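Q: Given only the sequences and the hints, what does the whole structure look like? Please build it.
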Amino acid sequence: MTALLRTEGVRKAYGGVRALDSCTVEVDEGSVAGLIGPNGSGKTTLFNVITGYAKADAGHVYLGDARITNVPPDRVFALGIGRTFQLTRIFASLTVLENMLVASPNGHAAARRRAMEQLEFVGIAGHHAALAGTLSYGQRKLLELAYVLVADPAVVLLDEPAGGVNLSLVNTIADRIRELNAAGKTFLIVEHNMEFVMGLCDRVTVLDSGSVVAAGPPAIIRTDRRVLNAYLGEDLPDDDPHPEERP
Amino acid sequence: MRPVMRTVLGAESGRQHALAGLALVLLTVAAVVFPLVFSSPVVTNYAIYALIFVAVGSAWNAFSGFSGYISLGHAVFFGSGAYTVGIAARDWHVNGDAVFALLPLAAVAGALIAVPFGLVALRVRRHTFIVITIAVFFIFQLMAANFSFTGGSVGVSAPFLPWTPVSFNDHFYYITLGCAVVAIAVAASVRRSRFGLQLRAIRDDEDRARGLGVRTMRVKLTAFVLSAAVAGLVGGVWFLYLTQVQPPSGFDPLFDLSLVLMSFLGGLGTVSGPVLGALIVEPGQLYLTIRYTNGYVSEILLGALLLVVVLFVPRGLIPTASEWIKGMRTRGQPAVAPASQRAPSLPGLRSEELATSDEGRQRLKGARRRAGRIN
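Chains as they are written, first to last, in this note's numbering: chain B, 1 to 247; chain D, 1001 to 1375.
Only some residues are given here: those of chain B computed to face chain D with a beta carbon under 10 Å:
id : residue
1  : 53
2  : 76
3  : 77
4  : 78
5  : 82
6  : 85
7  : 89
8  : 90
9  : 92
10 : 94
11 : 99
12 : 101
13 : 104
14 : 111
15 : 132
Stretches of chain D that chain B covers, calculated by requiring three or more beta carbons in the stretch to come under 8 Å of a beta carbon on chain B:
id : region
16 : 1201-1208
17 : 1212-1219
Hints are computed from structural coordinates only; laboratory data are not their basis. Remember, predicted model here, so these are calculated numbers, not experimental data. We treat Cβ as the ideally placed atom computed from N, Cα and C, and that holds for glycine.
A: Now the structure itself:
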């Protein structure tokens, strides 16, 4: 497989805080890649840099062979990268169908048809005339996924798709991702739900303090000591002030 | 398109459209025969001012109402349109009816000013945008008062129009009615278009809209320029009706506050809201100005009304009324229809396939079994 999306040595700092430090991540074409790490490890910042919401201080982002470093978000989307947000960002005063049409690149009738197909695909077509602001949190997650898909992006970046939704909906979202992936869609997923990530992803990259500490198949990542260190802090120095609280 | 989908998309509001169409026809007839029924110049004067504000309010709303960028600088375009017609008529010695041929220039002036204005102001959002529009407004007012080609504090006078006092108002009534129709048509077209959808998406979450491929600066600037062109055109008509323009009248700070009040009162971001707001506020304001000649009563009441609207009807009369009617219609109904009354729908499978495909039958069976367990 070839890498469809690639970041090379990306650095990003907010003031004195280094959010990303020489971060290199590869997402193979047609794969479902996972991006995990403790809170504050730089996962969402990396998403922001890839999609143009934040400018990289150094390093590059590639989509295929094209360098898309610091390209504005509208252009990134047009080039074929769609993303969702950790906290859903829908257009609350528009109807569900209108939300879909915002991202649609097609003509009127074709766009509505495709939008309805996507809504049916995620299971909320019955709400197409409702204001998006009246949807439940889980339905908003599905709507966000649907309207990113409506423009048929080559790569879909999902920021915590299973966060804050019930188990049934988590399974629904996982099923939809599998179906889309089977049809050739490439995914990069940030998620804290390890069961979700390990069951879905072909390859997982682990970030800690803005740097990649491990990358590989889920079975290897699951037992990688560096990953456990990143999450559990096992390699604490001897002068840990609260050693008795550690397992 | 599949039949099920066509039914869902097509038959949403046929009855509402028919009612709206009927109301539109009645309104058009009433508007056309108005000066024939009320021939007094005092009454037609009220109507002309109301129509001027219907037109400018609709233009303002096509940008500010849809995008959420509240402009307090539209008097810049209105006044510039007025000055453009006046200066062009004076310098090119245009007289009589021919002066109306200069009106497109007023629209062009508004649009041309809006380009650099928008390129600067639209880089920022919310209160910062509002402050910039106010600043630009005062720059234009000062320029009009101090440049010699604008006539300084004396301003510019319009050429004489060879019409009788009665026909003068009737002519202007139909001209301003035409402007109002054009402005409403522009606002309605924007509202229904993909461009309008993008503007409303910007109002809700501009950064998210960018991430979905909306070229936000281009969309905002286009709406700003379009709105400014209509405001400029109407400013030109207003100048010819009033026969003169001076810095305080052409660039009047109350002008933009009136536009804001009209749109908020009627319903910000709706096509009919600013129309209703203008038809209520402008005649009222005019009446108070004439009734209380000593000054500021109309301004005080205008401010008080703005407070009342923002506090008690923040969404405006039309959205509030339609919500109330909808509430009355659906009173007592559950938020979600009982499962037995809902069209079956399972993720990943289209409704019409549920009943016909083997997989559909299996999944429905499974869903019903699970539902049975829950119950």
